[in-house]
Structure formats: C-alpha cells, structure tokens
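A.B. asks: For this one, chain A is given, so just place chain B on it according to the hints.
2 protein chains.
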Amino acid sequence: MNKNIKQKVIFTSRLIIRFLEKGHRLGNISNFSNGTLQPLFYPTSIALAGVTVNNPQHWTRTFFDALLEFQFEGPLYLVNPRGGEIRGIKVYRRLADIPQNIDYVISTVPAKAAAGLIEECAHKGVKAVHFCTAGFSETGQEEGVRLEAQLANLSIKTGIRVIGPNCMGIYCPESRISFNIDFPKERGPVGFISQSGGNTGGLIRQVMSRGVRFSKVVSYGNACDLNETDFLEYLATDSETKIIGLYIEGVKDGRSFRQTLQKAAEEKVIVLLKGGITEGGARAVSGHTGALAGSEVIWDSLCKQLGIIQVYSLEELADSLVTLRFMSAPRGRRVALIGAGGGSSVLIADEFERRGLKVPPLPQEIRNWIGEFTPLAGNILRNPIDYSQNWMEHEKLLRTVHIISQWEGIDFLIWFLDISWVPLNAMNVLHEILDGILTESRAASKPLAIVLQTNISPEQVKKAYSIVEKCVSSELPIYYSFASAANAINLLLSHNERRLGKP
Amino acid sequence: MNKNIKQKVIFTSRLIIRFLEKGHRLGNISNFSNGTLQPLFYPTSIALAGVTVNNPQHWTRTFFDALLEFQFEGPLYLVNPRGGEIRGIKVYRRLADIPQNIDYVISTVPAKAAAGLIEECAHKGVKAVHFCTAGFSETGQEEGVRLEAQLANLSIKTGIRVIGPNCMGIYCPESRISFNIDFPKERGPVGFISQSGGNTGGLIRQVMSRGVRFSKVVSYGNACDLNETDFLEYLATDSETKIIGLYIEGVKDGRSFRQTLQKAAEEKVIVLLKGGITEGGARAVSGHTGALAGSEVIWDSLCKQLGIIQVYSLEELADSLVTLRFMSAPRGRRVALIGAGGGSSVLIADEFERRGLKVPPLPQEIRNWIGEFTPLAGNILRNPIDYSQNWMEHEKLLRTVHIISQWEGIDFLIWFLDISWVPLNAMNVLHEILDGILTESRAASKPLAIVLQTNISPEQVKKAYSIVEKCVSSELPIYYSFASAANAINLLLSHNERRLGKP
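Residue numbers (the numbering used here), protein chains in the order written: chain A, 1 to 503; chain B, 1 to 503.
It is worth saying that the hints were derived from the structure and are not from the lab. Some hints could be false.
Stated by the list, open to error - List time: in silico DSBU-like cross-link candidates among lysine-lysine, alpha-carbon distance up to 30 Å: (1) B:K185 x A:K463; (2) B:K268 x B:K127; (3) B:K112 x B:K90; (4) A:K470 x B:K112; (5) A:K112 x A:K124; (6) B:K396 x A:K112; (7) A:K462 x B:K462; (8) A:K470 x B:K463; (9) B:K304 x B:K358; (10) A:K463 x B:K470; (11) B:K185 x A:K462; (12) B:K112 x A:K396; (13) B:K463 x A:K462.
Computed from a predicted structure; not experimentally measured.
In isolation and in its complexed conformation, chain A is listed as follows (with noise of 0.2 Å):
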C-alpha cells in the first residue's frame, strides 16, 4: 500500500473510532430483541392522547383521520381532558378512563404534558408511545433540552418504549397503522427510517407513483429513547424488508450504530442518505432533531467500508429504491440506449459514460443487418439508437430491439423518450412499443429501464402519467432524467461489484 494512502487510511479509522466513542447514550437500556419493537408495528390497541374534538383541521387530527383511512383494526381510542366525541366515537378524559387495554399510545399533547403521559401510560400498561409534539431538545433552549431529558428518564424508569419527540412515527401497511392518509395501503420490500417526517412523507411520495411499496417506514425525530440503530436492528430481521432506506441527521451512539449498520449490510440492500454534512446542513440539524451531525469524510469512509449505498439527496434515495426494486442486476455496464431524437442520443450517452457506464458500438454487421429494413435518413443505428423520424413504424424499431437485445456485447436497455412532441391520440402507439421492448428485453433476459422525459404542465402529465402506470403495472424503473437513470444504475452496479469483490 502506498504510504500516503496508508496514512490517510489510519487518519480516517482514528477519526471513527472517536467519533463512534463519541455517542451519547440517553435512553438506551439494552440490545433489543426483534421482538420488543414488535408492540409498536403491530399494536393490538392504540388511543390517541391529544387529538382536538372541536376543530376537523387541526394538526393532531391528523393520526385519526390515517387510521380510520387505514382501517386500523384493532380498538382506537381517542383521549382529550375536556372529553366530548368526534365522528360518533367517544373522547376519554383520560388515557386511565379507557376500559381495555392499550398497547400504544400515539401523543399529540404539548411537550409540558408529555412527562405526565408517560406516567399515565405507566399505570395503564401500555408498552409505547410515540410523540409527536415539537419543542424539546432542538429549540435549543434550556427548558426544551429539561423536558427531552425528563421523558428519556421515565423511559428508562417505567420501561416505556418512547419513538420521538418531534417526529410523524410508524407507517406499517401490514398493521394498517400510517400517519398519512395518502400513503399506498399495498405492502412492499422496502423498509425506511427516517429522522425527518417531512423528508419521509417526500421520499414516499417521490416513489409511490413509480411503484415502490413499503414494509415498515418510521420517521424517529429526537430520538430520546428508541433511535436509529434499534430500528435498523429491527428491520435488518424483518423478513418482509428486503431494501432499507435511511436517512440519518446524527446518531445517538456511534459504536452500537457501526455494528448494527455491519450487521444490517450483510442482511439486506441499505442506502443511506446523510443529512446535515454541511456548516450550514449541521446547523440545520442541530435545530432540527437537537442531533449532532458528524462529519462528512467519516460517513463516506464507514458507506464504503461497509458495503452501504450512499446517495446526497432525496431525489438520489428515490432514484436508488426505485432501482434497486424493478432492476435485476444487470450482468455489467454494457447498455443499448434506444429512443428518439439525435440530440437526446449525443446527451444520454455521454450521461451513462461520464458515470462508468459503456455505450459499445453496435458492430457493421449488426448494422448492416437492421440497415436492410430501416431508412438510414433520419435514424441512428449506432448505439444510442435514434428512431425519431420513424417511430410510428415500430414494427420495425421493436425488429431493431430484438437484433440488439440478442447481441451479447450488451447487458442492458435503456428506453428514452420525450413525450411533449407525441400528440395525445398518438399515445397508444408509445404503449405498443413499450409493451414489444419489455418482451424483447425478458427473452434476452436483459434488464429494461425506461427514462421518461416530461414538463409538469398540466397536458404534458396526462401523457406522461399514462407511461408512469404502465411502468408500475410491468414492474419497471422509471426515470425523469438521463442523469438520474445513469446515477442510480451506476449506484446499483458498484455495489453489486463490491459485494462480488470486482476492481
């Protein structure tokens, strides 16, 4: 090993080690077994402490509105001191007025009342709570950081399980439990946890309509009790989560999180989103969810060692579920580019080139062959393959796909197509062809991706929408960029190279 790098090496596992030294420890009072967690996806019970009677658009009617969306079907309880009944259903006073048993205990009252809920949820055996109330350690203010530390200590006192404060909690189709009701009720392989509910509710909505589908998602916030490295451990043995998603501001305890991170990577597919690798993005955390950030060379050092994907923004996380979902791994980087226009062709290859990825030229013969029953004018025939002038024949394009998804000098297709120039009643004919290129790329056993270029005014998404659902229906990745395809294709086959032990 080269000196230089050697010593970067050492400089670098010193920095983890101190940082992973360097974890607090609020709540945690023990290794979780899978099965402690399992009261907070799979309740038998839930009340709602906090919900407001009087007014439909309050903020805290918002877990009541989900699970009856949801149609949670275990007993919901709604619990509020000045008592009444919303949609015909009866507000408790108090969580102990409840006749049954409650499992968990979803809390919108002010952070003041938090301390108090525990306590009650203590005397009614309830096995968890989730806050979502804002204004604990991440105002950064005295008070705030006391009533933070006051509900870590009744965690630990009472053996209350607590997921919060400041966060949306559980979306577990399976369970029917969803803190939106827009949320898809289908169930899915991938799981996601999340500090942030705003940055959960937009990567999910960034993948539902492209067809990804959920197992367990939580979005955790302060993290005074329950924190990332419980949840993945959760999720690492989950047998319904295949992929995990995480996005991470600070971790509570970096020693514990590095093991189970480890673990979780030798388990299942994880791309890590990191937040808060900036000044300004640390900053931001630290009066977002009070965490501290880490710095950036460590978080990137810990990805590659460990084997994790990590990607820099939301719309990289989405691009890299939705690939990870609908593409088999192709079997290397060799794509046949197929699709309209000679400019899109100069720009989406050297989009899949500058990533690593190869654009091999079709050889003379393969040309020759295709050349027999195309026009040359207006065509390419190289790789990128342009049939702008002459797509409404796709008889003859889908002849074309066949020749090349046969070849053996590629291992994968890309489908490009810019819709704003295809009218509204020509639209079928796009299906036609989608439908003979997937049947191409399947016998070829040759993984498919569409990129679908689009503008969001209101006539270009009718069309655009249409392409989307049948992608959905197909199980095939979608994108609305070359650059996004070529990153997150790229993402999939360095990881899948690096677990093989490829250059």
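C.D. replies: The following block gives chain B in isolation, referenced to the frame of chain A:
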C-alpha cells in the same frame, strides 16, 4: 506559477491551437456582416418546398402548420411536383411557377432532390434555403457525404445560404416564424443556437413554462454552409438578444469559432452545453450531425478562458437560462433559506453550502426578535428558517421574512415549498405568502428565487402549476429541486465574480 500547473497550461493551450487549426471549412466563403443573415430571420416571403398534399399528419406539414399558427405575415407559397391545394392554398408544381419573388425556402424534399432545389432557387433569386431533411453526412454512408458536399458546393457557387441539412431551422417570434406550433408567440431576450432540433424543442419546452422567451433560435444540424460561428456572430450584435444559449456537437472552423465566441462573450452572457464529451457521446455526435466532437479538456479550458458559463445537461442549461433571465445578480453568496420542514432545511442547506454558497446563522439578537412573536416548538429560527408548523399564520412568517431581508448578513432569499401536503383549497395561503415574500425581497433589494417540490401526479401538478404561473407573472426564477437552484445560482455568481476579477 507551479511548474506542473504551468506545463499543464502549455499542454492545454497547444491542444487548443491544434484543435483550432484542424477545423474543416466547407461552405463559408466570407465573414458575415450581420445584414446577410437578415433574410433568414426576417424574410419577406417564404416558400415551403416538399410539403405533402394529401396527408395532413405527415411530418412535412410541420412548418406549414407552425407558420399558419404564428400568422406569418408575408406571402407563403407551397411547392410540390404533384400540385393541388392545402386548406384552400394553391400548391405550385415548381418554384419557378410562383409569380412573386421568394426570399427564403424551407425544404422538406428528399435528400436526393436537395441539390436540384438549390439550382431552382438560384433561378428564382432566393436568398437562403433551410433543408430539414436528413440522409446526408450523418448517415456515415458515402452517398450521404457526397450529397452534402454537393449542397455545400452549390451554396458557394450560387451564393445561396443554406441552413442544415438535417435540422429544424428558425424560430423567431418577432417575424412570426416557428417550426413548432406550441412555442411561445411572445418575444424575449434569449437567443439559442443548437445543432440539434430535438434538443432545441426540449430546451424551449423546459423554460417556456418558467417564463423564458426568445429573440432568435436556430437549429442548424449538419452545417454544410451556415454554422455555429455565423449564427453566433449574428446574435452577438443582435440588439434584441441579451443572453445566448449554445448547444454544440462539433465546430466546423475552430479558429474562427474561438474568435467569435470571445467577441460574443464580451457583449452577451453565454451558456454552453457541449454534446459528445465522452467516447459514446462523440460516437452519437458523428451519427447525428456528422461533426467532430473535440475533447472535453479543450472545451473546459475554452469556457474558462472566455468567461462562458459551461453546463453539462439540458436541465442545467434550462436552469441557467431561467436564472440569468430572472435573477438580478446577488451582491454576494450569503443566502437566507426560508420554507417548510426541518428535514428539507437540512438538505437544502447541504445543497447550497456544497456549491460554495453560504447559509449564515441568524445572530442571536435577530432570533430573539423573531422569537418574540413566533412559537419555538416546530419552528426553526436559525437559517434555514422552518415555519412548517405555523405556515397558515402567514403574517408571522412575513414579519420574519421582513426582519431577515433587512438584515445586512444576507444577499438573497430562497423560498422553498413542498406543496404535496398542502390541500388544494389552502393554496391561496401560499399565494399570499409568495406575494408577501416578493414584496419584502424587493423592498430590501435582495433577489428572490423559488424552489418548488412536487411530483408529476395530475393532482399535484394542478397545484404546482398555479405557483409556476405566479412566478412567471412576477418574473421570479423557479426551480424544481434544491440541487438545481443551488447549482444554477452558483454558476451565475461564479460568472459574475470572474467578470469582476474576484478570486
């Protein structure tokens, strides 16, 4: 100067000189005075040669449809050997049969008939022809190369200027010429020169909904006669044009291109997207317009030397044009990030600081001031400013924005909003906030830009579009991701810093 760097500079300079000497000159007979291109952009009469008579869906109808839609005012003649009429307009069998003079011919005749058409044009006194049809040197076939050389020679011999072949020609709203019925009919200060017709349409569609309007646009394809240098020279002295976008695959004459680019960069702001900077991209270039792509290092150096803003994708080009058009240059790099969501605050701060922009923390004094009327719980008053919990109380948010815009510690404002969680019937509140923030930013003479996060589902787009339209009517730059905004604003700032000689 460090010796290694010096050698690198010498090496690069040599490369540039070699590259510039390598240029091919085919049809350029003289340097252009601006006047000679006037008949192309402002013809008094146009003939469309090769327009299909019986099939209204045929692509050769494109130009006819567009010129009717744009209400081109001069006489418009149709030519096809079969004769007949289209929409009540007589179709002449030969150009010679047209009783009046013709300035400009747009040709969709097959490649083989192109040379014959130039000769007909010469007899008719036509000043310029645009050949849309493909099937020339870009095919890589001997026959196509021969046909293109023939066109070039005929252009020299007859003095008739040729645009193309293999391109879409001219869009000039002032003279009511367009090659697409959907382009905006209003004029604006942006000129665009593009080797690709598809990328021209793609770029225009990306920016037109965001308010950018054009002076002159030309898609010039294989450039057998008129090329990037001619059009650049024209736009450099065009008083309507303030900003010039360039999409170039390869230059015909490197030396004169460099000279013209330097001159143009002294007059206007130029943004350049070079297609074909990778091996695969360069191969696509040769199949697309038959050009020589040239290496990446040469283009990078050229842009740095001449103060050209260089971009690497059509999206980045679009974002740069939107920024140049609507963002008055901030005095410095310090930004106040105002919006909704703690997690978003973290990620947007990261995106801006990663690109060398500064997100300065608000001084404690200002935070105290804002804290007097703002609840701490759920809000972050540091910078970024998160108002997600209380965005409906917008008078407090606007009071906050007032205080921040007046603070001398910041140079410009970004308002970011994720509309996915805003109900359609609450969108009016966002519009009021936008009006208020705009008023504050103008009062403080600090530029404002909007980052709008949405997905392409039809219901979201409806909401998004109302914000986009407001931004357009208020002349505000709008972006669809944190990364796009940060990147484009950094490019603008870096460009201005170079012009002012800042380090």
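A.B. asks: Compare the structure with each hint and give your call.
C.D. replies: Hints versus structure:
Restraint check: the Cα-Cα separation between K185 of chain B and K463 of chain A comes to about 24 Å, which is no more than 30 Å; the hinted pair holds. Restraint check: the Cα-Cα separation between K268 of chain B and K127 of chain B comes to about 28 Å, which is no more than 30 Å; the hinted pair holds. Taken as a hint, the K112 of chain B and K90 of chain B pair is honoured in the structure, with Cα atoms around 25 Å apart against an allowance of 30 Å. Under the criterion of a C-alpha separation no larger than 30 Å, the hint pairing K470 of chain A with K112 of chain B is inconsistent with the structure, at around 41 Å.
With a C-alpha separation of about 20 Å, the suggested pair K112 of chain A and K124 of chain A falls inside the 30 Å cut-off, and the hint holds. Proximity of K396 of chain B to K112 of chain A is assessed by CA-CA distance (about 24 Å); at most 30 Å being required, the pair is judged to hold. Taking the CA atoms of K462 of chain A and K462 of chain B, the gap is near 11 Å; set against the 30 Å cutoff, the hint holds. Taking the CA atoms of K470 of chain A and K463 of chain B, the gap is near 24 Å; set against the 30 Å cutoff, the hint holds.
For the hint pairing K304 of chain B with K358 of chain B, the CA-to-CA distance comes to about 23 Å; that is within 30 Å, so the pair holds. Distance check on the hinted pair: K463 of chain A and K470 of chain B sit about 24 Å apart at the alpha-carbon level, within 30 Å; holds. For the proposed pair K185 of chain B and K462 of chain A, the alpha carbon gap of about 24 Å is at most 30 Å, so the pair holds. Between K112 of chain B and K396 of chain A the alpha-carbon distance is near 24 Å, which keeps this suggested pair within the 30 Å criterion.
Simply put, K463 of chain B and K462 of chain A have alpha-carbon atoms about 14 Å apart, close enough for the 30 Å limit, and the pair holds.
When held up to the earlier numbered hints, the structure conflicts with hint 4 and nothing else.
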